Amino acid sequence: MASGAAVTLLIVFVILYGVERNLGSGSGLSSGPTGTLQFGSSGWYPYVMALSYTYSQLFGVVLGIICVTGEFRYNTASFTYLVEPRRSRVLSAKLIASAIWGLIYGVLTAILVTAFGALLCTVWRLDPGAFLRNALTYLPVDVAGFMLFTLIGVGIGSLIHNQVLAIITGVGMITIGASLLALISAIAPHVVPYLPQTALMAFERVPQDGNRITGGYRVLPWWGGGLVLLAYTAVLAGIGALTAQRSDL
Amino acid sequence: MIEVHELTKRYRRVLAVDRLSFSAVPGRVTGFLGPNGAGKTTTLKMIAGLVKPTSGEASISGVKYRDIPDPARHVGMVLESTAAHPARSGRANMMVCATSIGTGYGRVDELLDMVGLTEHAGRKAGAYSLGMRQRLTLAMALLGDPAVLVLDEPGNGLDPEGIAWLRNFLKWLASQGKTVLVSSHQLSEMSQLADDVVIVSAGHEVVSGPLDQVIKGSGLTEIRFRTPEPERLAQVMQGAGATVRMDGQGTVLVGGLAPEQAGPLVAAARIVIYEMVAAGGLEETFLALTGHSGQGALS
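So the protein lines, in turn, are chains A and B.
All the letters of the first sequence, read from the start, carry residue numbers 1 to 249 under my numbering.
All the letters of the second sequence, read from the start, carry residue numbers 1001 to 1299 under my numbering.
Incorrect hints may have been included.
[Unchecked claim] Cβ pair distances, simulated, as ranges:
| hint | chain 1 | residue 1 | chain 2 | residue 2 | range |
| --- | --- | --- | --- | --- | --- |
| 1 | B | D1145 | A | L119 | 56 to 62 Å |
| 2 | A | S88 | B | E1057 | 17 to 23 Å |
| 3 | A | S88 | B | Q1213 | 42 to 48 Å |
| 4 | A | Q245 | B | R1010 | 29 to 35 Å |
| 5 | B | M1114 | A | I176 | 49 to 55 Å |
No lab work stands behind these hints, which were simulated from the structure alone.
All values reported here derive from a predicted model rather than from experimental measurement.
From the three backbone atoms N, C-alpha and C, an ideal C-beta is built for every residue, glycine too.
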């Protein structure tokens, strides 16, 4: 019961957080500078779909971390390695399983975000059909984005076995990383497109028109963003596999 | 058969296991004894490939654990660190293990019954007592019907009835031709269970071999006599080269002679005795060989 309530509150928080980040500042929906986007206009469709950008990062990375670190938290890792001593195979299996769960949760997230958008359409008396047609163009990459961040979570979990520390690191990377984007952009603008956040922005085609988070950053084409996320997964999982080979339980 | 050859593990400045060599053979229970911090668990983990040796090697039937195909079907490990998932029921834990090992669910209920957990199989493992968790992990280790069984302190948390059950069960497994290696600090229990012992201290082997030979070889066996003629008895025993201690109340402790040697001497001298007990054993041997002097060292 308590955990259900906590999850519900977390979902509400993330929705509000996402709305605030993606809609509420600088997009014209409140008192942003551009003033080009109004409540009730079809221009906000991409912003609603960009909610999954926030979902993908937070839930995806936490899901991936839990998939790996749960074994160490509950001391079941020893048994797993006794059944399959080749640890790189264990990690590969976890990547595959996590990708499937990431896909499932990605679909659920997409459904939730789409339903949220449809609800807004009803409130603002817009044509839900137009919104849904627009949403369909975003859904595949939104789902894939969730899956990729789940895999990045697996990579983080394979490096940091302590579940609490791994989640703090993963969530911290997202939240602190997001706040550091402007700083990094000023110091080393050429690095920005290759950061996980901006790669996911590119992949999920998050609007780039002055939003507080996304505004002004150069991003890769969507497929480039996907490749960068895959590269992060590969590097983290590779280091995780090497670490697993050498670590003692 | 388990073979450990020159196994060494160093953690930075700490030498946890130092060139340890021993073997555990099929059909016998091998007790692996040592005080806390002697390197017992580290050694067992190195046998299972969970800890990487600094040097040396351990093999099971001539093959390293990681190279055994379907290892959980050949080797059952019950280590401190192998735990059942607390949020799953006992039966669910068994079913997950059966799926992982690939044995199917056929033996799940049979093994739960064998370890006495049938009534509690539906309860979450997190709610189990320590003894019940030990029984569950033992059942998990037996799922693959392994020929080799390695157990780290399996008696921890078991009540006297459970300890007696475990003793008989492990002896029965050994009688079936299985190799059983058990680490423990419960010396009285181990003296009833083990056929062979390996005693380690500070990471290195102190002594190993058949239990009775190890005890005899230590020279620590004493025979306690209660007699109305302690002085005569002491004289006879000293004449045979034994060491003698007397408490002044009719008890004579004789060292350096086996009961088979002392008994005939007493009979030949026609000395009346009320009691003759072979004192000394694994515990005394262990304490003397490992340099520990009390139960505190064993807890």
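Structure-based check of each hint:
1. B:D1145 x A:L119: 56 to 62 Å: This hint holds: roughly 57 Å between Cβ atoms.
2. A:S88 x B:E1057: 17 to 23 Å: 21 Å, holds
3. A:S88 x B:Q1213: 42 to 48 Å: 45 Å, holds
4. A:Q245 x B:R1010: 29 to 35 Å: 18 Å, violated
5. B:M1114 x A:I176: 49 to 55 Å: Holds - the Cβ-Cβ distance for M1114 (chain B) and I176 (chain A), about 53 Å, lies within 49 to 55 Å.
Of the numbered hints stated above, the single one contradicted by the structure is hint 4.
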